[in-house]
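2 protein chains.
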Amino acid sequence: MYIFAIPYLRNMKKILLQTLKGEKTDRPPVWLMRQAGRILPQYRALRSSLSGFKELVETPDLAAEVTIQPVDELGVDAAIIFSDILVIPEALGLPYEMIKGKGPYFPRTITSRKDIERLQAHPDHISDQLRYVSDALKLVRSRLEPGKTLIGFGGAPWTLLAYMIEGEGSKTFSKARRFLVQEEQAAHLLLEKITKATITYFQAQVSAGAEVIQLFDSWAGLLSPQLYQKFGLPYIKQILESVDVPTIFFGKGAFYALEEMKNLPCDALGIDWNMRPSVVRQTLGGEYIVQGNLDPASLYGRIDQIEKETRSMIEAFGGHHIVNLGHGVYPDTPLDGVKAFVRAAQSYSYNR
Amino acid sequence: MYIFAIPYLRNMKKILLQTLKGEKTDRPPVWLMRQAGRILPQYRALRSSLSGFKELVETPDLAAEVTIQPVDELGVDAAIIFSDILVIPEALGLPYEMIKGKGPYFPRTITSRKDIERLQAHPDHISDQLRYVSDALKLVRSRLEPGKTLIGFGGAPWTLLAYMIEGEGSKTFSKARRFLVQEEQAAHLLLEKITKATITYFQAQVSAGAEVIQLFDSWAGLLSPQLYQKFGLPYIKQILESVDVPTIFFGKGAFYALEEMKNLPCDALGIDWNMRPSVVRQTLGGEYIVQGNLDPASLYGRIDQIEKETRSMIEAFGGHHIVNLGHGVYPDTPLDGVKAFVRAAQSYSYNR
Numbered sequence: 002m003y004i005f006a007i008p009y010l011r012n013m014k015k016i017l018l019q020t021l022k023g024e025k026t027d028r029p030p031v032w033l034m035r036q037a038g039r040i041l042p043q044y045r046a047l048r049s050s051l052s053g054f055k056e057l058v059e060t061p062d063l064a065a066e067v068t069i070q071p072v073d074e075l076g077v078d079a080a081i082i083f084s085d086i087l088v089i090p091e092a093l094g095l096p097y098e099m100i101k102g103k104g105p106y107f108p109r110t111i112t113s114r115k116d117i118e119r120l121q122a123h124p125d126h127i128s129d130q131l132r133y134v135s136d137a138l139k140l141v142r143s144r145l146e147p148g149k150t151l152i153g154f155g156g157a158p159w160t161l162l163a164y165m166i167e168g169e170g171s172k173t174f175s176k177a178r179r180f181l182v183q184e185e186q187a188a189h190l191l192l193e194k195i196t197k198a199t200i201t202y203f204q205a206q207v208s209a210g211a212e213v214i215q216l217f218d219s220w221a222g223l224l225s226p227q228l229y230q231k232f233g234l235p236y237i238k239q240i241l242e243s244v245d246v247p248t249i250f251f252g253k254g255a256f257y258a259l260e261e262m263k264n265l266p267c268d269a270l271g272i273d274w275n276m277r278p279s280v281v282r283q284t285l286g287g288e289y290i291v292q293g294n295l296d297p298a299s300l301y302g303r304i305d306q307i308e309k310e311t312r313s314m315i316e317a318f319g320g321h322h323i324v325n326l327g328h329g330v331y332p333d334t335p336l337d338g339v340k341a342f343v344r345a346a347q348s349y350s351y352n353r
Numbered sequence: 002m003y004i005f006a007i008p009y010l011r012n013m014k015k016i017l018l019q020t021l022k023g024e025k026t027d028r029p030p031v032w033l034m035r036q037a038g039r040i041l042p043q044y045r046a047l048r049s050s051l052s053g054f055k056e057l058v059e060t061p062d063l064a065a066e067v068t069i070q071p072v073d074e075l076g077v078d079a080a081i082i083f084s085d086i087l088v089i090p091e092a093l094g095l096p097y098e099m100i101k102g103k104g105p106y107f108p109r110t111i112t113s114r115k116d117i118e119r120l121q122a123h124p125d126h127i128s129d130q131l132r133y134v135s136d137a138l139k140l141v142r143s144r145l146e147p148g149k150t151l152i153g154f155g156g157a158p159w160t161l162l163a164y165m166i167e168g169e170g171s172k173t174f175s176k177a178r179r180f181l182v183q184e185e186q187a188a189h190l191l192l193e194k195i196t197k198a199t200i201t202y203f204q205a206q207v208s209a210g211a212e213v214i215q216l217f218d219s220w221a222g223l224l225s226p227q228l229y230q231k232f233g234l235p236y237i238k239q240i241l242e243s244v245d246v247p248t249i250f251f252g253k254g255a256f257y258a259l260e261e262m263k264n265l266p267c268d269a270l271g272i273d274w275n276m277r278p279s280v281v282r283q284t285l286g287g288e289y290i291v292q293g294n295l296d297p298a299s300l301y302g303r304i305d306q307i308e309k310e311t312r313s314m315i316e317a318f319g320g321h322h323i324v325n326l327g328h329g330v331y332p333d334t335p336l337d338g339v340k341a342f343v344r345a346a347q348s349y350s351y352n353r
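Protein chains in written order, with my numbering: chain A, 2 to 353; chain V, 2 to 353.
Source of the hints: derived by calculation from the structure; they are not laboratory data. We put the beta carbon where it would ideally sit given N, CA and C, even for glycine. One or more hints might be untrue.
What the hints assert, rightly or not - Okay, derived cross-link-like pairs now, BS3-like style, lysine-lysine, Cα gap no bigger than 27 Å in a straight line:
1. A:K231 / V:K340
2. A:K172 / V:K340
3. V:K176 / A:K309
4. A:K176 / A:K238
5. A:K172 / V:K176
6. A:K172 / V:K101
7. A:K231 / V:K172
8. V:K55 / A:K172
9. V:K101 / A:K103
10. A:K55 / V:K172
11. V:K103 / A:K172
12. A:K14 / A:K25
13. A:K101 / V:K103
14. V:K231 / A:K340
15. V:K55 / A:K103
16. V:K231 / A:K172
17. V:K172 / A:K340
18. A:K309 / V:K231
19. V:K172 / A:K172
20. A:K231 / V:K309
21. A:K103 / V:K103
22. A:K340 / V:K176
23. A:K55 / V:K103
24. V:K172 / A:K103
25. A:K101 / V:K176
26. A:K176 / V:K172
To be verified - Derived coverage of chain V by chain A (criterion: at least 3 residues anywhere in the stretch with Cβ under 8 Å from a Cβ of chain A; other residues may be distant):
27. 162-174
28. 181-191
29. 223-236
30. 268-276
31. 292-299
Pulled out of the complex, with its shape left as it was, chain A reads as follows (with noise of 0.2 Å):
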């Protein structure tokens, strides 16, 4: 295929990218959040002879390959940079560690202004200490095959601060909706550091090879349409405005924001699995470029069932759509059907 020799014109044929440029393509494209992981057998094996998560994470060869994997195995039309959305507090100062079985967990975690004022966002700083995320994006770029697109991530300022306040995974995060509502100045500044850094952090996957960045607030979910319009949206404005590429911001179970996160200044926004379709068309008009949505769980399901699912939400969304889960893909989904899902995609044609 003589195109592929030629960079631009390869550059044009990934079809993420085409799609998030609001560019018609024959077929969406797909790509499945957590997609590098415990689904497949080569993650479990490389996983199983290190000494944990971190290591993965901050080794650029081993994070490369791990990301490399699903697009392997796959044939997805991105892959996602292998990290965590907590490396940010870790380069502020806070370091995070991940217990098998329970999840994220801080040691030390923020309690007073002071705690916040001793944290280090300067762009040096910060660059410095996620080096090892620049270093991994280059490789895998340097790796990818042609087509492919390479996505950069990180996580919303306050879904950084729940954890950096909470310390681990909490139903209700009130200790950190409670921070919120009684230290709303040092919230801010919390929020504005988080910001700040996370600015510098896409930046520099920008520069390292990332064609795309991901904002993802995984909490958004918690807060109420005021305390999102005071401590998350303008943060999250912020942060998109600063990205030289196309950006997708996923604010999972902000339902209730859709009009605002629809004058977000991103190319496409993440919806969740228990959003329908029409309704985010509503809302959002039929041109909008919208990733997801499928339940995670019915890849639990038939294989004939999969793409008979799959099928109906390409054909709900209608088009200007990249098709993905509505959440993250669980752990234990089996191969066959993440395999069934991304072929459904891939073999479905917007001209028949």
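Using the hints, position chain V against chain A.
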């Protein structure tokens, strides 16, 4: 006040019942989900003298005492029986434990159709197993001051199934959702048994003096609209239809099914704190009775702020409204904040 001497007139003065019947009242009624519990010093004192949570739930005299505590201390317009939604799985044959700092835990879970077939849903068995709840309700009813309404409650079938399969709390309840997708028939059998037991349970609660029944679907927000349509709503409908007193249904996180919930045979709907009153009114209409929906985190705020936010919410719903939080009150909420919330609702006047 002579009217308190005449029982039928006494009933007419119950502001929660008046509101649930669609009658006009001078102010909205108010109570809080989880009002009986750790927010009250009286509760903490009693609890610390006991062996565990279940001793409290299963000892009618103690359960009655903590049920009445918030009425005495906060002056709320209703008492809700102190119990747990997991008494139904236990009555069916699957005992639960309440583990400190962790939450509910099932030593045995449902793993197959055989496990489900073994469950005992016969009405006599269920009434017998849950006699302690009826006994507690009778005690509360006999002690409750005039004007206060007694609420009984239970968990919706999907939420109970989720715990019975998963065995404990979970961020995704993916094991339970996997069961719905892969074991559809067995899932329906389990939901039927839970439904049957819950119908018996609610009849017993009403016989024992419950004047309102609230059905909680804590994990509704984890299902896709399709799965909720199939595994959630039909069973909820059956249960609500069977209850002879006014009912409130609270499908937490089920924003995506507001239209469907509108058509359920209940008298009121509970509303999450992240749903906007304007959107709720748009979908349900101005006369539909709603309950909620202040952000529980608001009660961490300053007194004047709590009063202001409570009044704004009352105005936003504009009548036909039971003031409550959008979720259970958090255990570390300052008592003064809770009192300000109750006072703001009770001093509000629809006639000004």
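Quick rundown of the hints versus the structure:
Restraint check for K231 of chain A and K340 of chain V: satisfied, since their Cα atoms lie roughly 26 Å apart, inside the 27 Å limit. Restraint check: the Cα-Cα separation between K172 of chain A and K340 of chain V comes to about 25 Å, which is no more than 27 Å; the hinted pair holds. With a CA separation close to 22 Å, the supplied pair K176 of chain V and K309 of chain A stays within the 27 Å bound. Taken as a hint, the K176 of chain A and K238 of chain A pair is honoured in the structure, with Cα atoms around 25 Å apart against an allowance of 27 Å.
Under the criterion of a C-alpha separation no larger than 27 Å, the hint pairing K172 of chain A with K176 of chain V is consistent with the structure, at around 18 Å. For the hint linking K172 of chain A to K101 of chain V, the alpha-carbon distance of about 15 Å falls within 27 Å, and the restraint holds. The straight-line distance between the Cα atoms of K231 of chain A and K172 of chain V is roughly 26 Å, inside the 27 Å bound, and the hint therefore holds. Under the criterion of a C-alpha separation no larger than 27 Å, the hint pairing K55 of chain V with K172 of chain A is consistent with the structure, at around 22 Å.
This hinted pair checks out: K101 of chain V and K103 of chain A have alpha carbons roughly 16 Å apart, not beyond 27 Å. A threshold of 27 Å between alpha carbons decides the hint, and for K55 of chain A with K172 of chain V the separation of about 22 Å falls inside it, so the pair holds. Using a Cα cut-off of 27 Å, the hinted pair K103 of chain V and K172 of chain A holds, with the two alpha carbons roughly 11 Å apart. For the given pair, K14 of chain A sits about 12 Å from K25 of chain A by alpha-carbon distance, which is consistent with the 27 Å threshold.
At most 27 Å may separate the alpha-carbon atoms for a hinted pair to count; K101 of chain A and K103 of chain V meet this at roughly 16 Å. Pair hint K231 of chain V plus K340 of chain A holds up; C-alpha atoms about 26 Å apart against a cutoff of 27 Å. Under the criterion of a C-alpha separation no larger than 27 Å, the hint pairing K55 of chain V with K103 of chain A is consistent with the structure, at around 26 Å. Taken as a hint, the K231 of chain V and K172 of chain A pair is honoured in the structure, with Cα atoms around 26 Å apart against an allowance of 27 Å.
Of the pairs offered as hints, the one joining K172 of chain V and K340 of chain A holds, with about 25 Å between alpha carbons and a cut-off of 27 Å not exceeded. Taking the CA atoms of K309 of chain A and K231 of chain V, the gap is about 17 Å. The hint holds against a cut of 27 Å. Simply put, K172 of chain V and K172 of chain A have alpha-carbon atoms about 7 Å apart, close enough for the 27 Å limit, and the pair holds. For the suggested pair K231 of chain A and K309 of chain V, the alpha carbons sit about 17 Å apart, so the restraint of at most 27 Å is met.
Restraint check for K103 of chain A and K103 of chain V: the C-alpha separation of about 12 Å stays at or below 27 Å, so the hint holds. Under the criterion of a C-alpha separation no larger than 27 Å, the hint pairing K340 of chain A with K176 of chain V is consistent with the structure, at around 20 Å. Between the alpha carbons of K55 of chain A and K103 of chain V the distance comes to roughly 26 Å, so the proposed pair stays at or under 27 Å and holds. A threshold of 27 Å between alpha carbons decides the hint, and for K172 of chain V with K103 of chain A the separation of about 11 Å falls inside it, so the pair holds.
For a cut-off of 27 Å, the pair hint linking K101 of chain A to K176 of chain V stands: about 18 Å separates their Cα positions. A threshold of 27 Å between alpha carbons decides the hint, and for K176 of chain A with K172 of chain V the separation of about 18 Å falls inside it, so the pair holds. Figure legend: the region 162-174 of chain V, annotated as covered by chain A; annotation consistent (3 residues with Cβ-Cβ distances under 8 Å, at least 3 required). For a cut-off of 8 Å, the count of residues in the region 181-191 of chain V with a CB near a CB of chain A stands at 3, and the three-residue condition holds.
Only when three residues or more bring their CB closer than 8 Å to a CB of chain A does the claim for the region 223-236 of chain V stand; here the count is 6, and the claim holds. For the region 268-276 of chain V, the stated coverage by chain A holds: 3 residues have a C-beta nearer than 8 Å to a C-beta of that chain, and at least 3 were required. For a cut-off of 8 Å, the count of residues in the region 292-299 of chain V with a CB near a CB of chain A stands at 4, and the three-residue condition holds.
In summary, the structure agrees with every hint in the numbered list given earlier.
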